[in-house]
Amino acid sequence: MFSSVPVIFFGFLLVKFHLIDYVRTYKIIGWTTIVFGLLLYFSDLIKTKQKIIKDFNYSHAFYIGLFQALSLIPGVSRAGITITTARFLNFSREDSAKISFLLSIPTLGVVSLYGLQNLLNENSFELSLLNFIAIILSFIFSYLTIKIFLQFLKKFSLLSFAIYRVILGILILIYAY
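Last residue of the sequence shown: 183 (the numbering used here), numbering continuous.
Hints were generated in silico from the structure; no laboratory data involved.
Bear in mind that the values here come from a model prediction, so they are computed numbers and not experimental data.
It is possible that part of the hints are untrue.
As the list claims (entries may be wrong) - Label-pair ranges, simulated between beta-carbon atoms:
1) F158 to I52: 13 to 23 Å
2) I173 to I52: 15 to 25 Å
3) L150 to G115: 17 to 27 Å
4) K55 to A140: 39 to 49 Å
5) D27 to S163: 34 to 44 Å
6) F158 to L44: 19 to 29 Å
Don't be surprised by glycine CBs; every beta carbon is placed ideally from N, CA and C.
All chains, please: the whole structure from these sequences, using the hints.
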């Protein structure tokens, strides 16, 4: 929870002062997609020195939380920036992904509550069997994705994700300019 304070705080400010629309441009999305793809690549070159079980502490959580706040800018992946930051802090790919997934729980919980509040304010909230099935399927596929992704990281680098982000960013910039 400690590491989610910065993203929740800055997210609140972006919503409260209606600033999010100023960063939602194709140019910003294109450039951030490329820049953070390159950072992901360079972070993956770092040698692992720390283990999540014995070395992860509040200081690491705070730094990762600060960088997680950058994910409020469109084009910056929340998982990508937290994995990148953990890699720069010398955690393995697998441990970095575990940290990222664990840190997502409070942040995504707050975002879900905010979305629920918006539905309630619009008086259009209707929990039906279809909504319930969607929630269950979302949980199942999220769990499977995490499991498969962690297995992938044991065998492969993050290079494919970095390449994907750079290509996507270039395509977005071609469209924007």
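Check the structure against each numbered hint from earlier and tell me which ones fail, lowest number first.
Every hint satisfied by this model.
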